[in-house]
Every structure is written in C-alpha cells, then in structure tokens.
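Numbered according to full-length UniProt numbering, the sequence shown spans residues 1 to 128.
Honestly, the hints are just simulated from the structure, not real lab data. Here a beta-carbon is modelled for each residue, glycine too, at the ideal position from N, C-alpha and C. Among the hints, a few may not be true.
[Unchecked claim] Below 25 Å or equal to it, Euclidean Cα-Cα: the simulated BS3-like pairs (lysine-lysine) are:
(1) Lys-53 with Lys-74
(2) Lys-82 with Lys-53
(3) Lys-101 with Lys-115
(4) Lys-108 with Lys-82
(5) Lys-29 with Lys-81
(6) Lys-29 with Lys-74
[Claimed, not checked] If you anchor each label on the Cβ, the simulated ranges turn out as follows:
(7) Ser-49 with Val-9: 14 to 24 Å
(8) Lys-108 with Lys-67: 18 to 28 Å
(9) Thr-112 with Asn-17: 40 to 50 Å
(10) Asp-45 with Ala-106: 15 to 25 Å
(11) Thr-15 with Val-96: 24 to 34 Å
(12) Pro-13 with Thr-87: 24 to 34 Å
(13) Pro-55 with Ser-118: 56 to 66 Å
(14) Asp-45 with Ser-118: 48 to 58 Å
(15) Asp-116 with Val-34: 23 to 33 Å
(16) Glu-73 with Thr-112: 53 to 63 Å
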Amino acid sequence: VCAPISLHVPATPQTINSINEDLISLMPKNGVLVDAARHEVVDEDSIISVFQKRPDLGYISDVGFNKMDELREKIGPDQMKKQLIVTPKKMGAQTVESNVKAGLAAAKQIATYFKDGSAVHQVNGKDR
C-alpha cells in the first residue's frame, strides 16, 4: 500500500523549503512524496534526515535532487535506490526551436482570424 502526496506549486517566498522535516515526518507508513513542483519547495536536508529515520518513505522528483552524495552516504546506496527516484531534467517543449514554431503558429492563427474570421484553433467558447 502506498500513500502518495503530489506537489504542484510554484517557488514563492511562501513555498520555498515549505515541505520540511515536520511535514514529511507526518506522512503515513509507506508514503511517497512526488515532487512535480519546483526544486526549491522541498527541503533536501529534511529528506535526508527523515529518510534516516523512516526507511518506509519514498521521494520521487522530476525536478532534481542536489544532495545525492550526502543522501547516499547517510542511508547507503542500496537503501537510496529503494527510497529515491529522480528523473532526468527534461523540458522538451522549452527548446528554442519549439518556442519559435509555437510563436509563428500563434501569429499565423491571429492573422488568419483578423483576415478571414477563422477561429478553427479556438480552444473554448462558441462552436466554430
């Protein structure tokens, strides 16, 4: 049984390091913290501290983990493999090429709308 908690918040003064040892320690047995937010939201020192006391917890991050060496040293490589999953940082939609293509497509759609009244790419609103 797994009790996941998924994070999807921006990094603001109110959220930076807001997920700390006090909160992580409250997770239920076999809980998994999924960080799909910003790297700065989860306090990595807290992850390290709690993982030493709670080998039942897990952390999955798609935003990186900077203290891998320290975590490996504190809980060992085998335990680390059980508790930590970090996906490679990848922002495929944020390449120069994709941003240029998206900008050009948007410009063409706007021009077509003003020229012909075509709203074929409209996402919501009245039917076309």
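Cross-check of the supplied hints:
1. Lys-53 with Lys-74: holds (11 Å)
2. Lys-82 with Lys-53: holds (14 Å)
3. Lys-101 with Lys-115: Satisfied, since the Cα-Cα distance of roughly 21 Å is no more than 25 Å.
4. Lys-108 with Lys-82: The given pair, whose Cα atoms are some 49 Å apart, is violated under the 25 Å limit.
5. Lys-29 with Lys-81: Between Lys-29 and Lys-81 the Cα gap is close to 18 Å, so the pair holds against 25 Å.
6. Lys-29 with Lys-74: Satisfied, since the Cα-Cα distance of roughly 21 Å is no more than 25 Å.
7. Ser-49 with Val-9: 14 to 24 Å: With a Cβ separation near 22 Å, Ser-49 and Val-9 satisfy 14 to 24 Å, so the hint holds.
8. Lys-108 with Lys-67: 18 to 28 Å: violated (46 Å)
9. Thr-112 with Asn-17: 40 to 50 Å: At 47 Å between Cβs, range holds.
10. Asp-45 with Ala-106: 15 to 25 Å: Because 43 Å falls outside the window, the suggested range is violated.
11. Thr-15 with Val-96: 24 to 34 Å: 29 Å Cβ-Cβ, so the 24 to 34 Å window holds.
12. Pro-13 with Thr-87: 24 to 34 Å: The hint (24 to 34 Å, Cβ to Cβ) holds, given that Pro-13 and Thr-87 are roughly 27 Å apart.
13. Pro-55 with Ser-118: 56 to 66 Å: holds (59 Å)
14. Asp-45 with Ser-118: 48 to 58 Å: The hint (48 to 58 Å, Cβ to Cβ) holds, given that Asp-45 and Ser-118 are roughly 55 Å apart.
15. Asp-116 with Val-34: 23 to 33 Å: violated (45 Å)
16. Glu-73 with Thr-112: 53 to 63 Å: holds (59 Å)
The earlier numbered hints that this structure contradicts are 4, 8, 10, 15.
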